[in-house]
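Asker: Chains as they are written, first to last, in this note's numbering: chain C, 155 to 476; chain X, 155 to 476.
The set of hints was computed from the structure by calculation and includes no laboratory data.
Where hints are given, some of them may not hold.
For chains that are exact copies, the list does not tell them apart, and a pair is met inside one copy or across any two.
[Unchecked claim] Listed below are the simulated DSSO-like cross-link pairs for lysine-lysine, each with C-alpha atoms no more than 30 Å apart in a straight line:
#	residue 1	residue 2
1	K421	K405
2	K462	K449
3	K451	K180
4	K180	K421
5	K338	K348
6	K338	K228
7	K451	K240
8	K397	K451
9	K405	K422
10	K227	K338
11	K348	K471
12	K397	K421
2 protein chains.
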Amino acid sequence: MKLAFDIMGGDHAPSAIIDGALDFAKAYPHEEIILVGLPCVLEALTALPANVSPLACGSVMAMDEDVRNLMRKKDSSIWTATELVKTKEADAIISAGSTGAQMAAATLLLARIKGCERPAIASALPTLDGGKLFLDVGANADCTPSMLLSFAKMGAVYAEELLNFTNPRIVLLANGTEAHKGNKLIQDAYALIKDSGLNFSGNKEGRDILVGDYEVMVCDGMSGNIAIKSIEGAVSIIMGMLKQELTSSLKSKLGAALIRDNLYRIKKAFDQDEVGGAPLLGIKGISIVCHGSSKAKSIFSAAQLARKCFESDFVNKLESAL
Amino acid sequence: MKLAFDIMGGDHAPSAIIDGALDFAKAYPHEEIILVGLPCVLEALTALPANVSPLACGSVMAMDEDVRNLMRKKDSSIWTATELVKTKEADAIISAGSTGAQMAAATLLLARIKGCERPAIASALPTLDGGKLFLDVGANADCTPSMLLSFAKMGAVYAEELLNFTNPRIVLLANGTEAHKGNKLIQDAYALIKDSGLNFSGNKEGRDILVGDYEVMVCDGMSGNIAIKSIEGAVSIIMGMLKQELTSSLKSKLGAALIRDNLYRIKKAFDQDEVGGAPLLGIKGISIVCHGSSKAKSIFSAAQLARKCFESDFVNKLESAL
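With the rest of the complex left out, here is chain C (with noise of 0.2 Å):
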């Protein structure tokens, strides 16, 4: 397959995209990389491997700037990738970027799958009780109920085809278990996806989030972006006191010595850039939405899910699906 990379997007761009991707490229030598940035960046890139080649591009989304911009900006590098996609000319897109720039690119050039009212952001999570699936971490601010049920549907063929789950248990992110409880929007979608013929197991809470017992997850961008932040800022915090703490003594330090494969453990559990990215759900294309802070592992990780995405014929299954 062929795999194009926007270097240019994410907080540690372009080395971290560029080392994620050229990592990939050794390690599966059959696979075609393209990398496409900036002129000045290319330069730079000399003697890269056989099946890696450059591909310039006349700007960049800058990570905050407004998605609106893009319409003027058909030079830029997340356009350019995700048009070679377009052309058949690469399999699949990766970016680390303005998450939002890629989505209407993907959008606009791809188009959408019948039956897919707008795409999902889908994130693999880490629970207690395995990988689970949750969406949408993003795309959509605002969303409808119908939004919603579509989210859960792509949701349970992802799971089922990619994460190996048969009949997927679909929940909704609400700020109570009982069927009675969120907003209005959860209500309704609670309404439609109960009469939907999915495997529903109506309300979870945030703090359910990691514990599982669920395959997916199904609520807007806004409350899956809210929670997936918090708790990656709540890991992030114990993590550095823990650190802090373990460093603040001779005895703690000796301490730390003897329950350092243990804390390892732990901080590999929360690692994200095992995960890496979370595939674009509801386009006709592969488009793998990375962290904008992901560095080369986390590059390599979404690089790995693309071809998973490609080898199982993802997006065609998720057609016929819907």
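Chain C is fixed; fit chain X onto it per the hints.
Answerer: Frame of chain C, contents of chain X only:
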């Protein structure tokens, strides 16, 4: 002052609520305590201290009961206890029961302060930067931009009067820090609060909640509830993993013994029992909402908070400010 405790509400009711109330009665012998509960519970309470008196109610609003049932349960513990504040037989009411029922009873019996569109639950948050205020954390699942403006105003007064912050910085919880981020609600509230004369510092993300660098964080009750419970869940899971890892071998147990004090400090930093309760802002009276999972220590802290609200004459100050 006189404090009314709804001893029937909460996961650990009635014993945890009674224990917390009695601890408070002992620590503050000049305050009067009223325990509102079912006769069968009150009968078992023998030899109450001189400053504690029982008051029988006829029913209980269950934790997951539809709040509309409250109108048919005007003999419930939450309604009876709130009524004591209305008739000036008590100065504050404390409950760990159904939040919806507590809010409905407060709104119907005590009425709203002029200028407050809807009461909000204002939770004190421990952040790296000290204790901050976060509202609404669950009273209003559906909000309008003007409600968020009113939360911002009430939060600013609370932060000044009870948390001693001068000119507190107000922020909105969104899915990104840029001004154009957020759903329609947050975008419209952004414009309103920006022009309100409050010390507005823009948008913050989920990962900023525990960092601080603000004094009052404003959001709708659905987002606030999801954020706070996501953080609680993440903290609880990491602490659980730590406990499991640190008791998994002799080596890790030895290490754990050396860092006992360090772990205790981290646990204490996130201990919600230290905070206890959150006031319902915007009603003509003091009603402290406690976490459903409250134990005696939380209830004791909540009673201290009620006392602080009373001593500072907060309700009148809020009324003047609005």
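Asker: Confirm or reject each hint.
Answerer: A quick look at each hint next to the structure:
{"no.": "1", "hint": "K421 / K405", "verdict": "both (22 Å within a copy, 19 Å between copies)"}
{"no.": "2", "hint": "K462 / K449", "verdict": "within (20 Å within a copy, 48 Å between copies)"}
{"no.": "3", "hint": "K451 / K180", "verdict": "within (13 Å within a copy, 58 Å between copies)"}
{"no.": "4", "hint": "K180 / K421", "verdict": "within (27 Å within a copy, 44 Å between copies)"}
{"no.": "5", "hint": "K338 / K348", "verdict": "both (15 Å within a copy, 27 Å between copies)"}
{"no.": "6", "hint": "K338 / K228", "verdict": "between (38 Å within a copy, 27 Å between copies)"}
{"no.": "7", "hint": "K451 / K240", "verdict": "within (27 Å within a copy, 61 Å between copies)"}
{"no.": "8", "hint": "K397 / K451", "verdict": "both (22 Å within a copy, 29 Å between copies)"}
{"no.": "9", "hint": "K405 / K422", "verdict": "both (25 Å within a copy, 20 Å between copies)"}
{"no.": "10", "hint": "K227 / K338", "verdict": "between (38 Å within a copy, 25 Å between copies)"}
{"no.": "11", "hint": "K348 / K471", "verdict": "within (23 Å within a copy, 47 Å between copies)"}
{"no.": "12", "hint": "K397 / K421", "verdict": "both (11 Å within a copy, 14 Å between copies)"}
Violation of the numbered hints given earlier is absent; every hint is satisfied by the structure.
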